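Each chain, written out:
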Amino acid sequence: MLQSIRRSAILLLLFLLTSAPAMAGELNLSVAASMKEVINELTGNYEKTHPGITFVKNFGASGALAGQIENGAPADLFIAANSEWMDYLKGKNLVDRKSKKTFAYNTLVFAGSTGKKVTSMRDLVKLDKIAIGSPKSVPAGEYATTAIRNAGLEQQVQGKLVMAKDVRECLMYAELGEVDGSFVYRTDALQGKKAKLLFTVPQKLYPRVVYPMALTVKAATNREAQSFHAYLQGSEAKSVLKKYGFVLK
Amino acid sequence: MRLQIDVAKTQGHFTLQAAAAVEGQRTGIFGQSGCGKSTLVHLISGLLQPDRGEIAIDGLTLFSSEKKISLPPEQRRIAIVFQQAMLFPHLGVKANLLYGYKRCSKANRRIDPQAIIDVLQLEPLLNRGVNRLSGGEKQRVALGRSVLSNPRLLLMDEPLSALDDTLRFQIIPYLKSVSAEFGIPYLFISHSVLEMQLMTDRILVMKEGKIIEETSPDQLARNRMATSQTGYLNLLHLEEPSVENGLYSYPWGSGRLLVSDGQEGKTSLFELSSRDIILFKQHPKAISARNLLACTVTELFRSDGRLGVELSSCGKKLIAEIVRSAAEELDITEGSTIFAAIKASSFRRLD
Amino acid sequence: MLSLTAEDIQAILLSLKVALTATLLALPLGFATAWLMVFRSFRGKVLLEVLVNLPLTLPPVVIGYFLLLLLGKNGWAGRFLDAWGIHFIFTWKAAVIASATVGFPLLVRSVRLGMESIDRQLIETSRSLGARWFDTLITVVLPLSIRGILAGSSLMFARSLGEFGATIIVAGNIPGITQTIPLAIYDYASSPSSTMMALSLCLVAVVISVLVLFVHEVLSRNIEKQEAA
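Chains as they are written, first to last, in the working numbering: chain A, 1 to 249; chain B, 1 to 351; chain C, 1 to 229.
Fair warning: there could be bad hints in the mix.
As the list claims (entries may be wrong) - In silico SDA-like cross-links for lysine to any residue, where the CA-CA straight-line distance does not exceed 25 angstroms:
id, chain 1, residue 1, chain 2, residue 2
1, A, K136, C, G176
2, C, K93, A, E175
3, B, K68, C, R40
4, B, K266, B, L163
5, A, K126, C, L4
6, C, K93, A, D128
7, B, K266, B, V119
8, A, K136, C, G75
9, B, K207, B, I57
10, B, K102, C, L4
11, A, K193, C, I169
12, A, K160, C, K17
13, B, K285, B, P251
14, C, K93, A, G159
15, A, K160, C, L13
16, A, K196, A, P135
17, B, K102, C, G75
18, C, K73, A, L13
19, A, K116, C, G78
20, B, K210, B, V119
21, A, K126, A, H50
22, A, K126, C, R79
23, A, K196, C, R40
24, A, K193, C, L13
25, A, K193, C, L122
Stated by the list, open to error - Have a look at the derived ranges for each label pair, beta carbon to beta carbon:
id, chain 1, residue 1, chain 2, residue 2, range
26, C, R79, A, S239, 39 to 47 angstroms
27, C, T57, B, E208, 44 to 52 angstroms
28, A, L205, C, S193, 50 to 58 angstroms
29, C, F134, B, R2, 43 to 51 angstroms
30, C, A77, A, K196, 22 to 30 angstroms
31, B, L167, C, S117, 52 to 60 angstroms
32, C, T57, A, D87, 54 to 62 angstroms
33, B, K210, C, S117, 34 to 42 angstroms
34, C, S220, B, K210, 47 to 55 angstroms
35, A, K196, C, F134, 54 to 62 angstroms
No lab work stands behind these hints: they were computed from the structure.
Just so we're clear, the structure is a prediction, and the values are computed from it rather than from any experiment.
All C-beta atoms, glycine included, are put in the ideal place defined by N, C-alpha and C.
Build the full structure now, drawing on both the sequences and the hints.
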């Protein structure tokens with residue numbers, strides 16, 4: 001009796017300790033939340049033409065994703081919504097510098113379902129609640145706070161800002177109507193049903209939204225990862241990006 | 001006080017069906033555990049609702065399933081003294097005492113708190129917390145509290161069962177004096193025949209949820225004589241003893257009784273078991289028992305397998321207990337002359 | 001080592017304010033509910049017990065979601081409240097409601113235990129001495145269940161301090177308005193470069209909890225001493 005208990009315990013322990021071996025043909029992607037639809041479509045297409053390749057996709061705020069990769073989360077490809085988080089991983093030697101390319105660009109907008117008249121940054125002070133991604137980890141939030149600061153409205157919006165964990169949650173708040181509006185990307189606003197694009201944030205108020213992408217150091221020599229990385233720079237990828245409203249240059 | 005009750009109540013496996021009409025200031029409810037005494041207390045006080053029936057006190061209907069009347073407990077003015085004093089632990093003695101008094105309408109406040117404090121000797125306890133009181137002190141406070149709520153009836157549910165003997169017989173005088181002085185009728189519930197003898201005039205006997213008879217304390221004691229552990233207890237109030245040869249000599253009727261455990265200068269209550277009285281057909285010339293009484297047999301009664309012999313001596317009555325064969329041997333009949341021997345140590349002092 | 005920003009201090013003060021308000025708000029209802037469950041019997045009592053204990057077993061996010069359904073602009077109750085200009089979602093009041101809901105079963109549980117230890121005959125005595133049920137409740141039941149009330153309150157207070165799942169859904173993460181300590185830590189924890197700051201705030205949370213438990217212990221001992229006197 002005791003013998004079999006001991007045996008089962010050892011097997012259980014081994015099972016728990018052994019990390020699941022990476023399946024051949026499985027690629028792990030860590031991607032900024034705003035790229036969700038684009039990447040879903042592209043991986044779908046890729047899987048059709050490359051049987052034997054499956055994707056494990058992880059969408060979220062770029063800062064959170066960077067933290068996960070730093071802590072050992074399996075990732076072969078990383079697409080961030082700003083340079084800061086890509087540089088962060090570069091500094092930790094977790095991404096392959098040579099593979100760093102620019103995937104796309106975007107613009108910051110303000111969208112919402114409020115009845116109030118909102119046409120510019122100054123109108124923000126009239127509002128009760130504004131959702132932004134938490135600037136500590138969400139690039140869209142960082143861009144937004146930069147724009148607010150540069151527009152001189154930092155004091156006036158105190159207490160109005162609802163922190164979201166990524167840009168999609170921002171959009172959801174706007175859709176539900178629980179906030180007057182949210183700072184999201186143009187591409188997100190296009191996805192919205194109830195939330196309308198109210199105004200575009202003047203580019204002079206914030207740095208350009210850029211999506212760097214790179215292979216992780218672990219995947220730098222992975223033939224399949226490299227192949228997908230190349231695909232993302234190809235014409236099919238560009239057309240999908242354009243379809244969803246991303247800027248290519 | 002006139003109490004009319006005719007109720008039925010089923011709780012789980014137990015069914016109570018009690019019907020009685022009693023009159024008097026000092027009524028007892030007698031029965032063994034589980035006979036339904038406590039249930040009856042709860043029904044009369046309004047803490048439990050009968051399934052059907054009627055309860056009325058002095059013509060006032062407390063409960064009637066037919067007329068759909070049911071007075072809540074706080075309106076019945078029936079105070080309960082429980083076995084455990086149930087003093088409010090978060091209130092001091094004074095606050096406990098006045099709890100019911102404060103909630104009694106001014107019109108109904110007949111009893112003066114100071115009078116109760118005096119009768120029950122509660123003055124030294126007044127500023128104490130209740131948790132450091134002795135059992136007897138607690139019960140006195142509980143009694144005072146109940147009486148101060150000016151109830152129309154006092155329900156005492158085995159109030160002495162949790163006390164030891166000495167204490168019990170110290171409290172009994174308080175119970176009686178309070179009732180007498182303030183005119184409050186009470187219902188005294190107990191399983192002790194002795195307590196019934198000391199506290200009540202009429203008794204309702206309960207068994208298995210029914211009131212099976214209404215009787216007097218003396219009759220109850222006689223009926224229970226054979227089955228009781230102590231036989232029939234003769235109760236004697238004796239006073240002003242003189243001391244003779246280390247024994248206390250008490251006047252008793254036209255004679256005297258010699259008692260070992262007496263108390264000088266005080267009135268004492270003694271119990272004498274019917275089994276401690278030995279009967280002689282003829283006068284024994286010398287005997288170690290210090291009390292030898294010439295008696296006439298006034299009555300013989302049967303109690304299960306025993307015979308109760310009511311004796312008259314010195315103008316007083318005593319009851320002795322013998323087996324039937326002894327009665328035949330000694331040819332004891334009503335009117336016979338007989339000698340009763342009682343040891344001085346057989347008298348047990350109660351207070 | 002301990003570095004707290006102005007926002008952190010705001011979060012701490014807000015946490016204390018929300019926890020205190022939630023506890024005070026829940027106390028009367030918690031007391032009444034416990035009293036109902038201990039001293040009254042009625043049809044559907046089992047249902048009440050289940051309902052009261054539900055927040056204990058449901059994931060807090062589910063509770064938050066239900067509260068959102070109830071109190072949101074398009075919610076069942078929210079619609080009417082909106083007409084009267086009363087808004088809960090994304091205000092500190094929502095944080096209070098979230099904490100109160102989540103902590104309620106803990107409060108009721110403790111108060112119940114306190115009440116169940118009261119000898120029934122004490123209550124019967126009170127009634128027979130002329131006190132109506134409400135009088136008995138205030139003059140006998142309440143004082144004798146203080147221990148349970150205190151224990152329940154401190155437990156609920158501590159739980160409120162740590163409430164996250166329901167709060168973030170229904171009150172949102174708004175610095176200065178609804179960002180309590182757990183939400184602030186969550187913010188920090190999402191960002192790999194801010195883990196040290198999260199640590200400072202975590203330390204504060206621990207210290208507060210220890211203080212609450214300490215006060216609770218001291219108070220309970222005092223009451224024990226009082227009762228023995």
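Each hint, compared with the structure:
A distance of roughly 16 angstroms separates the Cα atoms of K136(A) and G176(C); the hinted pair therefore holds under the 25 angstroms criterion. With a C-alpha separation of about 22 angstroms, the suggested pairing of K93(C) with E175(A) holds against the 25 angstroms cut-off. With a C-alpha separation of about 21 angstroms, the suggested pairing of K68(B) with R40(C) holds against the 25 angstroms cut-off. At roughly 23 angstroms between alpha-carbon atoms, K266(B) and L163(B) fall within 25 angstroms of each other, so this suggested pair holds.
About 31 angstroms separates the Cα atoms of K126(A) and L4(C), which puts this hinted pair outside 25 angstroms; it is violated. Restraint check: the Cα-Cα separation between K93(C) and D128(A) comes to about 15 angstroms, which is no more than 25 angstroms; the hinted pair holds. About 19 angstroms separates the Cα atoms of K266(B) and V119(B), which keeps this hinted pair within 25 angstroms; it holds. A distance of roughly 32 angstroms separates the Cα atoms of K136(A) and G75(C); the hinted pair therefore is violated under the 25 angstroms criterion.
Of the pairs offered as hints, the one joining K207(B) and I57(B) holds, with about 23 angstroms between alpha carbons and a cut-off of 25 angstroms not exceeded. Proposed proximity of K102(B) and L4(C) is contradicted: the alpha carbons are some 58 angstroms apart, above 25 angstroms. Proximity of K193(A) to I169(C) is assessed by CA-CA distance (about 21 angstroms); at most 25 angstroms being required, the pair is judged to hold. Between K160(A) and K17(C) the CA atoms are separated by roughly 19 angstroms; this keeps the pair inside 25 angstroms, and the hint holds.
Under the criterion of a C-alpha separation no larger than 25 angstroms, the hint pairing K285(B) with P251(B) is consistent with the structure, at around 23 angstroms. For a cut-off of 25 angstroms, the pair hint linking K93(C) to G159(A) stands: about 14 angstroms separates their Cα positions. Between K160(A) and L13(C), the direct Cα distance comes to roughly 18 angstroms. Compliance with the 25 angstroms bound is thereby established for this hinted pair. Restraint check for K196(A) and P135(A): satisfied, since their Cα atoms lie roughly 23 angstroms apart, inside the 25 angstroms limit.
The suggested pairing of K102(B) with G75(C) is violated, with an alpha-carbon distance near 51 angstroms, which exceeds 25 angstroms. Under the criterion of a C-alpha separation no larger than 25 angstroms, the hint pairing K73(C) with L13(A) is inconsistent with the structure, at around 50 angstroms. Taken as a hint, the K116(A) and G78(C) pair is honoured in the structure, with Cα atoms around 20 angstroms apart against an allowance of 25 angstroms. For the proposed pair K210(B) and V119(B), the alpha carbon gap of about 37 angstroms is over 25 angstroms, so the pair is violated.
Taking the CA atoms of K126(A) and H50(A), the gap is about 52 angstroms. The hint is violated against a cut of 25 angstroms. For a cut-off of 25 angstroms, the pair hint linking K126(A) to R79(C) stands: about 23 angstroms separates their Cα positions. Under the criterion of a C-alpha separation no larger than 25 angstroms, the hint pairing K196(A) with R40(C) is inconsistent with the structure, at around 55 angstroms. At most 25 angstroms may separate the alpha-carbon atoms for a hinted pair to count; K193(A) and L13(C) exceed this at roughly 38 angstroms.
Our distance criterion of 25 angstroms between C-alpha atoms is broken by K193(A) and L122(C), whose separation comes to about 64 angstroms. Checked against the hint of 39 to 47 angstroms, the C-beta distance between R79(C) and S239(A) comes to roughly 45 angstroms, which is consistent with it. Taken as a hint, the range 44 to 52 angstroms holds for the pair T57(C) and E208(B), whose Cβ atoms sit roughly 47 angstroms apart. Taking the beta carbon of each, L205(A) and S193(C) are about 24 angstroms apart, not inside 50 to 58 angstroms as hinted.
The beta-carbon spacing between F134(C) and R2(B), approximately 33 angstroms, falls outside the hinted interval of 43 to 51 angstroms. At about 28 angstroms, the CB distance of A77(C) to K196(A) agrees with the hint of 22 to 30 angstroms. With their beta carbons about 28 angstroms apart, L167(B) and S117(C) fall outside the hinted range of 52 to 60 angstroms. Evaluation of the 54 to 62 angstroms hint for T57(C) and D87(A) yields a failure: the beta carbon distance comes to about 45 angstroms.
Between K210(B) and S117(C) the beta carbons are some 36 angstroms apart, a value that agrees with the proposed interval 34 to 42 angstroms. For the pair S220(C) and K210(B), the supplied restraint of 47 to 55 angstroms holds, since their beta-carbon distance comes to about 49 angstroms. Taking 54 to 62 angstroms as the suggested C-beta distance range, the pair K196(A) and F134(C) conforms, at roughly 56 angstroms.
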